[in-house]
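Could you put together the complete structure from these sequences and hints?
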Amino acid sequence: MPRTIPGPWRRVADGAGLLSADGTTRPTIFADMSALAARTGAINLGQGFPDEDGPAVVLDTARDAIAHGVNQYPPGRGVAELREAIAAHQQRFYGLHLDPDRHVLVTAGATEALAASLLALVDGPDDEVVVFEPYYDAYAALVALAGARLVTVPLRFPDFQPDPQALRDAVSARTRVILVNDPHNPTGSVFSEELRTEVVRLAHEHDAWIVTDEVYEHLVFQGRHEPIAAMPGAWERTVSISSGGKTFSTTGWKVGWATGPADLIEAVLAVKQYLTYTGGAPFQPAIAAGLALTDDWFASLSDTLRVKRDLLGRGLRAAGFDVSVPAATYFTVVDARAVDVVDADRFCREMAESVGVVGVPLTAFVRPEERPAVASLIRFAACKRAPVLEEAVGRLSQLQPRD
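Every letter in the sequence shown is one number past the one before it in our numbering, and letter 225, counting from 1, is 396.
Keep in mind that the hints were calculated from the coordinates and are not lab data. Take the hints with a grain of salt, since some may be wrong.
Across the chosen pairs, the derived CB separations fall in these ranges [unchecked claim]:
no.	residue 1	residue 2	range
1	437	195	20 to 26 Å
2	394	463	20 to 26 Å
3	433	521	48 to 54 Å
4	543	568	26 to 32 Å
5	251	541	29 to 35 Å
6	185	521	25 to 31 Å
7	227	448	52 to 58 Å
8	251	344	37 to 43 Å
9	266	234	31 to 37 Å
10	463	209	33 to 39 Å
11	195	481	21 to 27 Å
12	442	377	47 to 53 Å
13	185	377	23 to 29 Å
The beta-carbon is built from N, C-alpha and C at its ideal position, and this holds for glycine as well.
Here it is in structure tokens:
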């Protein structure tokens, strides 16, 4: 009989929906579906990682750093070169003026920045964190780790735009953090200026912090990303988080950052330094080189992914799905009810065997009580080489649309 191991791991696993009734844990949906793809030879459009390397200057800078001995602990806040590049990036794209020594913290990916921010700013079971649901699966786990309560604002197919009144209803005197993922994973939506303005107003009204997850900031298909921190009244209570993984196709390097007012960054650093302390020494100057790439390069990044989005979307529509056209990110969400599917989780597993393509059910991104509302929705990732997407589209054509 398995022994009982006490500790907060149980609420983390339960918060992430991975704790079984018998007390054992299940793998994440990404590990599960990626293993299924490997076992069946299916094309993996489930997990959001590219199958191409990033720009040559980024990779070459990392190799050069390794060759020249940049292999020991970097400073806890991150190497000066990267902190300066992040500050220059925020000013160049968003008009934000940052002191790289006071307003910037380099982290082991965006997820560590999120973990450190929530652990720093949330203080137990009386505190609430408001998120938009469906949500990146780490949010529920991290809120549980912090011992707080998760409060959600629903996003509904096909446009996945939050109702401002639902946001107002969710935020209260108990709200310590409003966590905004924009551009949004898993839905690919971009929130309106009205919604972002309301987030700032509510944060002031209820004395809450704003934590933003902006890792898809350069994968917006029309116009430019507009961060909450650049809005009137937002800077002083906002921790903005991003990373180089999605922008430069270096998800395995885990180089992220948090930016914000000096006192907030100090609070996050107080926690972060006891998580990883620091890391990624040769990758930090490489990401700095990426952030200095030209405007044309950043524009071509979103242009290229837009073509892939459209290719995948056409194939999904031809296969009979109802398709939500994403405004940003790697991801396209479909409603499989159009092909008589009511259980997307089961269908995704069958689809790996029947047509050789893997997607991820949106039930992985919501609380258990919300699963019926998204039971037929599936997320597919377009961040693959064009020939891979074309092959996937061809396989999906084997699905028979309903008359």
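Hints and how they fare:
1. 437 / 195: 20 to 26 Å: Violated: the Cβ-Cβ distance is about 40 Å, outside 20 to 26 Å.
2. 394 / 463: 20 to 26 Å: 22 Å, holds
3. 433 / 521: 48 to 54 Å: 53 Å, holds
4. 543 / 568: 26 to 32 Å: The hint (26 to 32 Å, Cβ to Cβ) holds, given that residue 543 and residue 568 are roughly 30 Å apart.
5. 251 / 541: 29 to 35 Å: Check failed, 44 Å falls outside 29 to 35 Å.
6. 185 / 521: 25 to 31 Å: Given range 25 to 31 Å: holds, Cβ gap about 28 Å.
7. 227 / 448: 52 to 58 Å: Roughly 31 Å apart at Cβ, these two residues miss the hinted range, so it is violated.
8. 251 / 344: 37 to 43 Å: 41 Å, holds
9. 266 / 234: 31 to 37 Å: 34 Å, holds
10. 463 / 209: 33 to 39 Å: Holds, at about 37 Å.
11. 195 / 481: 21 to 27 Å: Violated - the Cβ-Cβ distance for residue 195 and residue 481, about 42 Å, lies outside 21 to 27 Å.
12. 442 / 377: 47 to 53 Å: With Cβ atoms ~23 Å apart, the hint is violated.
13. 185 / 377: 23 to 29 Å: The hint (23 to 29 Å, Cβ to Cβ) holds, given that residue 185 and residue 377 are roughly 27 Å apart.
Violation of the numbered hints given earlier is confined to hints 1, 5, 7, 11 and 12; the remaining hints are satisfied by the structure.
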